Every structure is written in structure tokens, then in C-alpha cells.
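Enquirer: Given the sequences, and given the hints that come with them, work out the whole structure.
So you can see what is in the structure, the chains are spelled out below.
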Amino acid sequence: MATLSDPPRESFQLSMLLNDTRYRSYTFQFIALFILIAAMAYLGWNLVQNLAAAGLNISYQFLGEPAGYDINQRLIEYTSQSTHWRASVVGVLNTLLVAIVGCFFATVIGVIVGVLRLSNNWIVRQLMSVYVEIFRNVPVLIWILIVMAVFVSVLPQPRDFRGDDPAASMFLDLFAFTGRGFYLPGPQFSAGFAANGVGWLIIIGLLIASFFSARALSNWATKTQEATGDRPVTWYYTLAIWFVPLILACIVMGLNWDIPALKGFNFQGGIFARNSLIALTLALAIYTAAFIAENVRAGILAISKGQTEAAASLGLRPGRTMSLVILPQALRVIIPPLISQYLNLTKNSSLAIAVGYMDLTGTLGGITLNQTGRAIESVLLLMLFYLTISLSISFIMNIYNNSVKLKER
Amino acid sequence: MAMDQSNVAFVRTEMLPEQAPPASEQGIIKWVRVNLFDGWLNSILTLLALYFIYKILAGFLPWATGGVWNTSSLAECREVLQDTAGGCFSVLTERWNQLLFGFKYPVDQYWRLILAVPLLAVALMPIMFVNHMVQAGRVVAGAMVIIAVLSLIGGAMGLAAIFIITAVAVGYLSMRAQSDAAGARSMMLIFTMLYPFLAFWLIWGGTIFNSIVALAGFGVGYIAFSRMQERGFTIGALSAVVAAIVTWFIGGFISDALAGVLALEPVPSRDLGGYVLNFILGVVCVSLSLPIGIALALGRQSDMPIIKFICVIFIEFVRGVPLITLLFVANVVLAYFLPPGTNFDLILRVIIMITLFSSAYIAEVIRGGLAALPRGQYEAGDSLGLDYAQSMRLVILPQALKISIPGIVNVAVGLFKDTTLVSVISMFDLVGMIRGPIGSSTEWNGVYWELWIFAVFVFFVVCYGISQYSQWLERQLATGHR
Amino acid sequence: MKKTVILGALTVAGLAAGAAAAATLDDVKARGKLNCGVTTGVPGFAEPDANGVWQGFDVAVCRAVAAAVLGDSTAVEFVPTTGKTRFTALASGEIDMLARNTTWTFSRDVDLKFEFTGVNYYDGQGFMVPAALGVSSAKELDGATVCIQTGTTTELNLADFFRSNGISYEPVPIETGSEAVQLFLAGSCDVYTTDASALAAQRANFPSPGDYVVLPEIVSKEPLGPLVRHGDNEWGDIVRWTLNALITAEELGVTSDNIGELSAGSSNPEVNRLLGSEGTLGEMLGLDAEWAKRAIMAGGNYGEVFATNIGVDTNIGLARGLNAQWTDGGLIYSPPFR
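Chains as they are written, first to last, in this note's numbering: chain A, 1 to 409; chain B, 1 to 482; chain C, 1 to 338.
Please keep in mind that the hints were generated in silico from the structure rather than gathered at the bench. All of these numbers come straight from a predicted model, not from anything done at the bench. You may find that some hints are simply not true.
[What the hints assert, rightly or not] Calculated cross-link-like contacts (lysine to any residue; reagent style SDA-like; alpha-carbon spacing at most 25 Å):
no.: 1; chain 1: C; residue 1: Lys33; chain 2: B; residue 2: Phe337
no.: 2; chain 1: B; residue 1: Lys55; chain 2: A; residue 2: Glu133
no.: 3; chain 1: C; residue 1: Lys113; chain 2: A; residue 2: Trp85
no.: 4; chain 1: B; residue 1: Lys55; chain 2: B; residue 2: Gly66
no.: 5; chain 1: C; residue 1: Lys139; chain 2: A; residue 2: Ser190
no.: 6; chain 1: A; residue 1: Lys305; chain 2: B; residue 2: Asn35
no.: 7; chain 1: C; residue 1: Lys113; chain 2: A; residue 2: Gln49
no.: 8; chain 1: A; residue 1: Lys347; chain 2: B; residue 2: Val409
no.: 9; chain 1: B; residue 1: Lys308; chain 2: A; residue 2: Asp20
no.: 10; chain 1: C; residue 1: Lys33; chain 2: B; residue 2: Tyr469
no.: 11; chain 1: B; residue 1: Lys402; chain 2: B; residue 2: Tyr469
no.: 12; chain 1: C; residue 1: Lys33; chain 2: B; residue 2: Gly206
no.: 13; chain 1: B; residue 1: Lys308; chain 2: A; residue 2: Glu133
no.: 14; chain 1: B; residue 1: Lys308; chain 2: A; residue 2: Ala38
no.: 15; chain 1: B; residue 1: Lys55; chain 2: A; residue 2: Leu116
no.: 16; chain 1: C; residue 1: Lys139; chain 2: A; residue 2: Asn266
no.: 17; chain 1: C; residue 1: Lys33; chain 2: B; residue 2: Gly66
no.: 18; chain 1: C; residue 1: Lys33; chain 2: B; residue 2: Leu41
no.: 19; chain 1: A; residue 1: Lys305; chain 2: B; residue 2: Leu41
no.: 20; chain 1: C; residue 1: Lys33; chain 2: B; residue 2: Asp271
Expert: In C-alpha cells, the structure reads:
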């Protein structure tokens, strides 16, 4: 039944598709969809044409063929007879290695610099501003290449360690800092049962156990404090929980140090941190740290002075003020931009190719692409990988953001 | 009486003169104590910092001041230096042109690139310094006079002339701006609009009719838009596009026919290189990505699900992959998606990919600006009876863009830095020149610091300058809200 | 309705373009320029000189083809390509031919669908080490750090060589040859490996070439030659026979000096056929009779091109070796012109 306020019913006219807001959005969406499909079809058609003209096809079979090239840094077993797929996996792991180590150092440096920028020491403050401004305003590629240039031109090469009167010598006879990378003493276990990484598994297991024991201890201390008002002194128990099992295990498994020594062309033994890895990680870390420092500074400045004063008036000591009042609030401001800096660092790690570090861009997007000529397939796979990392990090960040969002009532 | 008086307690009737504060509480000593040696931790930090600065300066100053500027090879330079700690800056003087312009741009045509830069400054003035045209004009004119004098000293007459002429023009405009700010500004805005076409002609050469036809296309498009606008924004925009395309199509024949008229020597874009290439890529890509970014941001905010979906997918995809993979696409993949037989050169493909890349980031910044506007602004637009295009153009975007400017500038700085990535795909920008032709040349193999510090310096100057400008602008804009 | 019209138009346009792409010769003639892919710079083989004019052994092949097809040896647009971009550039039609010391291998010929039109340089992969290391054979390189330029067959040969000899090494892959040389000179690698010709060329530019030795082992066959796309056999024939014309000219003693008088007619019928005064070879290729004459005049015969760009009298200083004519005990051999 029509009421008086109903608008007069009009029959549908074609012009309403353009002029009537009720229908116009459908028109627009249809046009957009149409243009998109047409563009896709056009590009796809070109692709088919080009591939047909060149007699090629899209196929991922090459991933199963032997790669044929060697990779100097590999976290998993890999030889030149392994497949291209395995070479890509080696690249993925190398990317993740740089990303994780780089993020760690970037955070450490960034937090220190961010706090020091707020220090009441004038000269330190100025120094930190200079650091932040210089590193933020110069391309990261230049920093990567500069750190690599330091390795190539400043540090001594293994040949300088050779001869009767060498131009360079090992630091403390334990560390060799060369242009090819750092050679450090590496721990190893002499006991038979600890061979093949079992020793390391035991150590990691012990550390995890220690972590939970220490947490249990601290929980107990908190409970006692709540019950009695006094917090039992526990720091020496904590120390013991962390170190006694570790030291015992090391003694039992016969820990000794594999000290690098010059043999043949290179130093042998110990841990070798390759120059490309260090250059890339260090450059990414100091570059990203400059941005993180700004985030940290902004986060701390965002907490009003009243919060500190309120905490003080409750009788909290400065340390507890920091950990219970300031940090939880500042972190809410700091963490989202921090995560996006991590994301940037991971994406920037694809510049590894400039220093010959074999990350995914170097293996799949580099040598594999060159050798097989499968450009479309390789680049597509490369993008998918980075997209997966980015989207997973964004996903985690969204969950975090929702969990710390101010619960306003 | 006298006794009485002496019994009265002493009462001072005037204030004692102020005493100087103790030496440790005033002047430089207090400043030093409070700022540098406040507690043992601070003292240690101060000493460490001083030591660090000393080490840096002790290493850097002799190297910088004792440098050699006029040798023709590293070996010669090392001979001159004789083991003293100095830099071989002669690599900069000897390869100056290559660092700035690459190694393939015709030497006798450098003036075209040099001319494009001061004109860019002039073109940007009315946009960047809306309310400070007079001061900005003075600074720009002054800077150009200084450069002109320097190039006169260096013997580059043509260069000096270019800068003097620009300085006079800018000086005149800024004088006019004093009395008639709006008039001067609109004059310069006309120049700003002409600049892209002028710069295209200067950099790539060919007949000027290419630029004129391109400009005419935009002009005809604008006229068509303003004629048809009353029939709705969509129809106006569509007819503008059609009119522009028709003009370009017809104009193509004209400029082909007049290929030799007013022609500069054509330079293929693969001959561009050096710092100029970074500059061109940065400026072109940022300018092109702004409109795309705005469209993407509006699309993402829109309530039409399909359009929103397309925009979200595009933005998230581009933001999720490193620029280098997009450059790989430009380099090795894009050719497969073009019609068989066509191809356009690498620099154009790279410009397309970098533009897409930065437009996704700019879209996110502008989306932030749109989201920051109070809901009431949107409703105000609606209640005035404005349609979508009008309310966006007249109410929403002016405010949203204003909020977004600092973010956009940040994206621009980041993009300018990222233009160095093209060196990875064998283009010879500044970094590419240093890594390739200069660093590996027989004469200069083994020079690192001089070249890299030069690269750091030139990028720092531009990027720091822009970010300082952005902060200044933020302060300028912030006052409007109080 | 509208949609089908547009799609139809696109289809027609695509088909027309596809058909056009097949006839490279027509494209080149219509364009008036040959698009030739070269390296970004290997001394002696392809490098722009101080005036930006491309010079070199591979460049000469491009110029000869341009002279044969267009009659102008300068009508070449040189497109610098990297190891990564060269095949895409050729496959996508950005370049008409690739003369970028590219090794003729099975997979490139068959799987990547290219057609090698001959070999203009027989090369092999070698090793260079500082003389101070005291190494005299590549088999003594156990544990050495090796600089390689990526994107070539080099890294595959290297892996095979070390694996078959059961010794280990540490590869340092570098994008550009120049950076690899920088690392090698700074001592970041013990060994630099690439094609023996490039080793010689680069060593010539070292500050003190005498401090570096090239080891005797040649660990691979690297027949380098120009290549074109599969499927356009007419165009492939032109490039192949232009190269063969240069080689035959040397064999028959036709040089850029005496070509003028020989083209008027000579007693040797093969010379006459080559230079177009007898027979219709040019016509069969779809060119005119004097195509080979122009190709030879562009830079001289094979021997002259070799001598001016990389021969013993240049600072690259390569001996003919394998690249001598078959009559002199080398491998350079052209099928007969008849």
C-alpha cells in the first residue's frame, strides 16, 4: 500500500544508470570491472602471442632440474647437483637469516640511539641527531656498497697474514678480521655422543629449561611478595639456574674451541662470517636503526610527563615506573612503525645482489633466472615469496594492534 | 634620642644589589656541568663522544684538506701524495661530467640538462612556497647568482649566462610578488604548467612540436572538460579524455611532418645517466604517482566493493614486494606483456614500474589523510547538495591533501633514494657510474672513498633539504588550525 | 556487443602484429636501423669509445649485417644488455640480433628457442691468479676463493671442473665483470675466472699486468657467436651468411683494400659469387647483389676485424690460435658460397 510520502514510481530509464545515484555505482563498477578484464585479457593475449612467437611456454619444470652452480653460503645441505628448487630454498633461508639478524641489530642500535637522542647530554644528543640524519637521508644501497668497500679496501686480505713478516696478524691469535670476512673461534664438542649437532640440541634444550625455571622462580617470588609484602631475594638462584647446567653440560660434552688458522688460500676452521653477509646485515641494520631511533624517540615523547609523576606519587621506584607505566604505553606507539621497519628491512635485503650475497634474489632471481632463461616464472615466484612474508607480518601486526588497542568505554 | 636611635633594630630600606651567582652556576660552566658532566654516566658518555669526534676528525680532516684535485689517474695521484694522508679528489674533477650526466649524453648538449635544473627550481617555487614567494624568490635568485659567479670563475661562460638570466627572471618575479603576490604567482604557475613539456623537449630533444602537441592535448582536454562539466563530472572527464586523445592523434602527424623544425639534437633515453638520471626518475615518478595515488586512495575508501577490492589488491601487492623485483619485471618480464613487435625503451618501463610502486605508498598516505578528516566534513559536503566529484574536489581533498603533505614528502624522499636501485639493472645512474664505468676504469680502479663520500654528500644535501622543507611546511600548515 | 567488437579489434591487432614480428628483415628495412644487442662493455669485444661510438669484435658483426641489409654500417642501434636481460630482449623483439659473446649451448639453442648463426670466436674458460700465489695449475686451487661474473655459463663450468677434480672452492658471484675485477685486484678472491679472451683483455688493463698469470687449463668449450630468434629462418640466413661472407673473404684473400678491384670481376668464380658479379646469391637472401661486398667493406674481412679489435697488435693482444682459418690449422671454416 502506497503512502503519501512515497516518491512517485518512475519506470526505469537508461539514463538513470548515469544520473541516479542508486544505480550509478553499479555502472561504475561494471565499467571498472570491464576495463580491468579487458586490460588483463589484452596483456594475457600479448603474453600468449609472444610466447607462441618465441616458441616458449610457462612451466615450472626447471625447478626440478639440477642447478649446476655452487652457493658459498648455505644453511642446508646443497651441492651443484641439487635442484633449482633447493637452490631457491637456500636463498630463502639466507634472506631470512639476514632479515632476522638485521632486525635484531637494528632494534638494539635503534633503541639505544633513540634513548640517547633524549639524553640530557648535549654532545651525545647532537651526535645521535647527526647519525640519524645522515643515515636516513642517503640511499641504503650506497651504505651497503660502502660497507663492502670497507671490507675490500681497508681490512687486510688473507695474503697479508702470510709470510715471515706478515702485514697483518690475528687479533689475540683467536680472531682474524679479513677482507673476505671475519673468522672467529667456533665452539665444538669432543664427546662422541654430542657429535652431529646433538650437542647443540642439548644446549638449546637446557636453555629452554632454564628459561622456564627462571620464570617459575620469579612467579613464586611475586606470589610471596603478594602474600607477605616482602620480595625474597632471588637473583643468585636465577644466576645458578641459567649457568650451572650450561657449564656442567659443556664440561661433560668436552667443549673446546676450533681456532681459525691460515691453511692454503684461506683461513680454515672456526666460524666464518662472510664479508657479503656482514656488509649487508650491518648496512641494513644501521640504516634501519636510524628510522627506528626516530620511532622510539617519538614513542617516549608521546607519554606525557604526568604519567611519570603519577607513578612517582604512587611510590613506584624509577625502574618500576619505566617497566610498569611508561614502557607499556610507549610500546603501543612504537611497535606498529617498528614492525613496518622490519618489513622494510626484509624487503631491502633483496639488495644483497649488489654485494654478491646469495639470498633469494641472488639464487632464484639471479643465477637460476640467468641460467634457465625462465624470467616470468622466476620473477613471479620471487614476488610471491616476498608477498607472503609481507602479508604474514602485516597479519601478525594487525593481531597485535587489536590486542593492545586502548579499550575505550 | 641618639641612644634610642641606636637601640632600634636595623631595618634595611633598600634591596641589596644582586650578587653574581657562583661561578659554577652560571654561564658556560653551568652549561657544561648540566649538559655534559651531570653525573658519572653522562661524564663517561661525554668523554667517549669527544674521543669519537676527535678520531673522526683526526682521520677525516687531513684526508679532506690534503687532497689532490688535478691529476688524471690514481697512479699519478698517489705519486703526488707521496704517502701523505690525502684524498684523490681528482677523480671527482676528472669525471665530474660523467658523475652528473653519465657517459653517453652528448657533451655539447649538457647545457640542456643544466638549464632544466634551475628552471625546475623556478617551476616548483609557486607550489612549494605559496605564501613566501618573495623570500623564496630572493633565496633562489641569490643562489643562482652565486652559482653563476662560481661558474664564471671556473670559466664556464654559457653556464654563467644561463644562471644569470634565470636569476634576473626570478628576481623580477619576486619583486612583482611584493606588490602583487597573486599576479606574480599565477604567472609562475603558468610556467609551472609549461615546465614538464619544456623539460621534456630540453632533455630528450627532437622537435618542440612534440611538446606543443602534448600540451595542446591537455589544453583541449581542459576546454572540453569545462564545456561539458555542467552535464556532470563523469561526462566532462570522459569528453576531456576523448578530446585529448584525438588531439594527440592528429598532432602526431603534425609533429612528424615538422620533425626538423626548432629541433634539438634528439637524445635516446638510454643515453641518460649520472645524478641527472636519479633526478629525472625521482621528479617524474613522484609527479606521475600523485594523481594515481589520489585515485587509488579514493578507490580504497569508496563503498563500491569491486573498485575497493581492485584498489586494495593493487596497493597491498605493490607494497608487499621489494622495488627491485618490480625493476626486474620492467627489465626482463614486461616485454612479454606488450603487443608483439612493439617495445619502448628501458627507462620508460622503469618509470612505469617506479610510478606504480610509489603510487601505492602515496595512496596509503592519502588514505591516512582522508581517514583523519572528521566525518562531519563528508556530511557537510553531502548536505550542501554536492555530488561525489564536487565534494571531493572542493571539500574533502583540499583538506586531506594538506594533512598528507608531510607523508607525501617522506614518500618522495624515499623514492628519490630508491632511484639508485636502477644501477642493479644495469642503468648508469650515479651509483651505476661509480660501480661501473668509473670504478672499473683503468685510471681510477681502486678509488672508493672519494666517490662514495661524494655520492653520500649529494644525496644527503637533497634528501635532508626536502625533509627540512617538509618540517617547515608542517609548521606553516599547523598554524592554520589554531 | 561492444565487448566483442573491442575484443575482435584487439585480436586483429594482435594477429597483425604477430605476423609482422615474424619478418624481421622487413621490420629492419622499414625502421632503417638494425637493433643489435651487445654487452655493457667488454674491452675489445664491445665497448663505447670516448665519443660514445661502439667499437669491438662483436660490434663489427652488427655493423656488417647492417651494411649488408641497409647499406649503411652506421645504421645500428646498439642496445647494451646484461646476462640477465639479453635473452628476454631478443625473445621479445627488442633487438633483432644478439652479438654479445654468447656461448652456443644445447639448452639455449633448443630450450630457449634461439638460433645460433655461427661462431665468430672460439673461446674457453680460463683462470687468472696473482703470480705471488705460486700456483701453476688450476688443480692446485683447493680451497681457493673464486670470483665469477654471474649470468654466464662460467659458474656452471666452474662447478663441474671443481667437482670432477674433487677439490673444493668458495664462489663469490658478482653481477658485473668490472666489480669482479675490482675484488680480484683488492685480494678479496684468489682466482678470477671467465673466458680466456676476456681474461687477456682485462689483464691488459691492470695497473701491473705482470703480477698476474693466466693458468694453462682451459676448462670449457665456449663457442661464441651471434644469435637470432627461432622461427624466422630468412633473417637467420642473412646473419649466418653475413658472418660466413666475412670468413670466406679472408680465406679467399678479399680484403677491404682490394675489394674494389675484385668486385669488378676476378678469375676466381667463388670470389665473383661472393661479391655479386656472378650468380644470384644476394637475390636468394632477399637482398641485392652487393650485400656481401658492403658487409666486408664495413670493417674488413674476418681477419681484419680480428686484427683491428683484439689481435696481437692491439693492447688486448690475442693470438689467432683456434680462431685461425682452417687452412692455417684453426677452426674458422665457412661453408662454400655456391
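Enquirer: Take the hints in turn and mark each one as holding or not.
Expert: The hints, checked one at a time:
| no. | hint | verdict |
| --- | --- | --- |
| 1 | Lys33/C with Phe337/B | 24 Å, holds |
| 2 | Lys55/B with Glu133/A | 20 Å, holds |
| 3 | Lys113/C with Trp85/A | 23 Å, holds |
| 4 | Lys55/B with Gly66/B | 17 Å, holds |
| 5 | Lys139/C with Ser190/A | 33 Å, violated |
| 6 | Lys305/A with Asn35/B | 21 Å, holds |
| 7 | Lys113/C with Gln49/A | 15 Å, holds |
| 8 | Lys347/A with Val409/B | 21 Å, holds |
| 9 | Lys308/B with Asp20/A | 21 Å, holds |
| 10 | Lys33/C with Tyr469/B | 48 Å, violated |
| 11 | Lys402/B with Tyr469/B | 14 Å, holds |
| 12 | Lys33/C with Gly206/B | 18 Å, holds |
| 13 | Lys308/B with Glu133/A | 38 Å, violated |
| 14 | Lys308/B with Ala38/A | 18 Å, holds |
| 15 | Lys55/B with Leu116/A | 20 Å, holds |
| 16 | Lys139/C with Asn266/A | 16 Å, holds |
| 17 | Lys33/C with Gly66/B | 51 Å, violated |
| 18 | Lys33/C with Leu41/B | 73 Å, violated |
| 19 | Lys305/A with Leu41/B | 23 Å, holds |
| 20 | Lys33/C with Asp271/B | 17 Å, holds |
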